[in-house]
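*Asks:* Assemble the whole structure, with the sequences as input and the hints as a guide.
Line order of the protein sequences matches chains R and D. Using my numbering, you'd call the opening residue of the first sequence number 318 and step up by one each time. Using my numbering, you'd call the opening residue of the second sequence number 2 and step up by one each time.
If you are wondering where the hints come from, they were derived from the structure by calculation, not from laboratory data. Note that the Cβ used here is the ideal one computed from N, Cα and C, for glycine as well. Where hints are given, some of them may not hold.
So, partial list: chain D residues that the calculated Cβ filter (under 7 Å) puts toward chain R [to be verified]:
#1 ALA47
#2 LYS71
#3 ALA85
#4 SER87
#5 VAL262
#6 THR280
#7 VAL282
#8 THR284
Simulated coverage check for chain D against chain R, where a stretch passes if three residues somewhere in it have a Cβ under 8 Å from a Cβ of chain R [to be verified]:
#9 76 to 82
#10 380 to 391
Part of the chain D face toward chain R, derived, beta carbon under 10 Å [unchecked claim]:
#11 PRO63
#12 THR66
#13 LEU70
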Amino acid sequence: MSTQRMSAPALAPAGGRRHPRPARRQRPLTLGAVSTHAALIIGVIVFAFPFYWLIVMATTSPSAIYGFPPRLWPGSQFLTNFKVVLDNTSFGHAFFNSVWLAAVIALTELFLSSLAGYVFAKCRFPGRNKIFTVLLITLVLPTGVALVPSYQIYVDLHWINTYWPLIVPNAVTAFGVFWMRQYAKAAIPDALVDAAAIDGAGFFRTYWSIALPSMRPALVGLGVFQVMWTWNSYLWPLLVLNDPAKYTLPVALQQLAGTYGTTDVSALMAGSLVATLPLVILFFLLRKTVLNNVVGGAVKG
Amino acid sequence: MRIRLKLAACVSALASLALCTAACSSGSPSGTTNASKPTITIWYGAGSISTAALTGVQKEFPQATIQLLKIADVETKLTSALRANSGIPSIAVGIGNLTQLEPAASMFVDLDQYGFKSVASNYLAWPVNEMQYKGEQLGIPIDVEPQAFFYRADAFKAAGLPTSPTAVAKLVSTWSNYMATAKTVQAKTGHVICDQSYTSIYLPMIYGAGYDYYTANGVYDPSAAVNETAFLDSYAWGQDKLCMSDPSQYITTSGWNSAIVQGDLVGFIGPMYATQYLTAVGTSSAGQWRITTPPVDSSQPGSAISVFKASPDVSLSVQIAEWMTNAANGAQGYEYDALFPTTPGSYTMAAMNQPSAFFGGEVTGPVLGEIADKSVSLYVGPNSTTAQSGFSTAQVYGIAGGTSPAGAWADGLKRAPQA
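*Replies:* Put into structure tokens, the structure is as follows:
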């Protein structure tokens, strides 16, 4: 996108003449437009306020939070609050662990889900639809049902207190396969796959050079979601990781909670704020692709 | 293109191998023994035991390698580990509800078999008794939560009432006196000295009677007369609007914190851990708060330290557990970690007899010690938590919705597990 913008002047006709910029048409101010914008502004405030409140809480003291009238502007105690987090948790380790785990899990999931999605969308083999249906059924099983059996499996494999129980079950998920299959079905023309075969491309070459680039928007969308899920996951990492040096961010932040639920709310919010920032940055960097993909998925699905 | 593809495949394979090595090599057993020293793994939660015990344990037991692991949620992890019979620590610190783990009782060490009986008299008898299951001592009580009457001296003064802890103790020496005082404070200042009828009145009433939904013989009895009386008496407080206007607010909720900060809540009966919340949010009223004895002496159960058979050296682990909960560490825990010790020997130590600036220079340790000492044993059974939740919901919903006392009581009986 940015390359196109930068090269645009070079495409201007010789002699410095440029195409005149079309005049922006002023839309008449209608009651409908005003009410739509008013509703949207209210919606933005409602959805953005919790995040703003997180910033206020992270930068003030607990007594300021609960005062009346409530403090609505950020304070200056962020560093003090964040120091409590650093003193009482393995925050640095946990941040690093969350980053690399989210990256590894997302990359593995994208590779395997796109491969499986491509196969379900474009390869014909006996039982394809039945296998896909079975796969979809696993989507409706509640996560809690599998918790204890999964734990037992990883105990038997001697994988407790390692990262394997976090990586392996998420390496490929039913949702990821479903997501990629739906996109591949609509985005990759059969004729293109056939043409690649005629040109001598094998299965993996076709997947790598034809299918994967075509699925890029879906990959970005799924990648963002997968990073988000891994980043926020709490219960499963809590159960399988014992060593505080291996904790991920949500588990590390829970270390701030005392035996009787006593928690330094401001410190917890300061930690949560820092923990949330990578996700916010990621979303802003990729928001256009994600939003286009979500809308596209809705139309294509 | 083909070369690039192969290169990518090689890089992926190497990365996977590196990952395998990293992830696999990080597994470690919970307790191991080498030729010279056993490794004793201790799981503990934040604020679950005296910091002095944690920092001093390795020095005290040089014959073992002590591995201290700060666990985010000890009970959840312990439940999983016991269920899978794997990854069990040598010692777990901060078990809040031992009865939930009783199905795995066979994995706990009976501490009496390793000499705990000889030191049991160093601890309050009632919490020690609460940690027995089928005659076996499954845990050592770390702390208890004596329920005191917290009040603001300035509010009592404004209401024309005496302000010293001794005088206020007389003012609230019975439930009817407490109610009369609450009415006076409310009439003169507009503020309340009861946060929630359930936590400030009902729980002290039933705990003071030694009842936690079971008879002393361990029979589950939610419809006991003591429960009905406590429920209906406390319900009257809510109906008469003598507690906070939102009946769902209690210690730990944001409404409670706001009421403290804004000065609407100027007194309540609560467990010792309320001090941590008070000192965190009540900075503007620091120096005004006081602690005294409530109408009835009662304590909420605290948390336990347990030793497991998975320990590579059970006898040493029991010694470690006893040392971590001894009187000296208990007193340090009171001074620095807001944990009330179960060892009466701590109560006379200097660490528990320091004046508290937040409580206007009052020496609070002996007041709480007296309450803890006079508290009675509770039989805490598997239904205790669920029953408490049922009656709590019935009372909160009933008061908020204007239900009659009899209707709310019937609702509580319906919500509690059936006998």
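*Asks:* Should the hint that VAL262/D touches chain R count as held when the rule is a Cβ pair under 7 Å?
*Replies:* 4 Å, holds
*Asks:* Taking the least C-beta to C-beta distance, is ALA85/D closer than 7 Å to chain R?
*Replies:* 4 Å, holds
*Asks:* Can we keep the THR284/D interface hint, with Cβ of chain R closer than 7 Å?
*Replies:* Holds, because the Cβ-Cβ distance from THR284/D to chain R comes to roughly 5 Å (cut-off 7 Å).
*Asks:* Is the shortest C-beta separation between PRO63/D and chain R less than 10 Å?
*Replies:* 23 Å, violated
*Asks:* So, LEU70/D near chain R? Judge it on the closest CB pair being under 10 Å.
*Replies:* 6 Å, holds
*Asks:* Using the nearest Cβ pair, does LYS71/D come within less than 7 Å of chain R?
*Replies:* 5 Å, holds
*Asks:* Tell me whether the statement that chain R covers the stretch 76 to 82 of chain D is true, taking a Cβ distance below 8 Å and needing three residues at minimum.
*Replies:* holds (count 3)
*Asks:* Can you verify the interface hint for SER87/D: is its Cβ closer than 7 Å to any Cβ in chain R?
*Replies:* 4 Å, holds
*Asks:* Quick one, is the THR66/D hint okay against chain R at 10 Å, beta carbons?
*Replies:* 15 Å, violated
*Asks:* Given ALA47/D as an interface hint, is its Cβ closer than 7 Å to any Cβ of chain R?
*Replies:* 5 Å, holds
*Asks:* Report holds or violated for chain R covering the stretch 380 to 391 of chain D, Cβ cut-off 8 Å, minimum 3 residues.
*Replies:* With 0 residues close enough to chain R, the hint is violated.
*Asks:* Taking the closest Cβ pair, is THR280/D under 7 Å from chain R?
*Replies:* Status violated, d = 10 Å.
In this structure, the earlier hints numbered 6, 10, 11 and 12 are contradicted, and the remaining ones agree with it.
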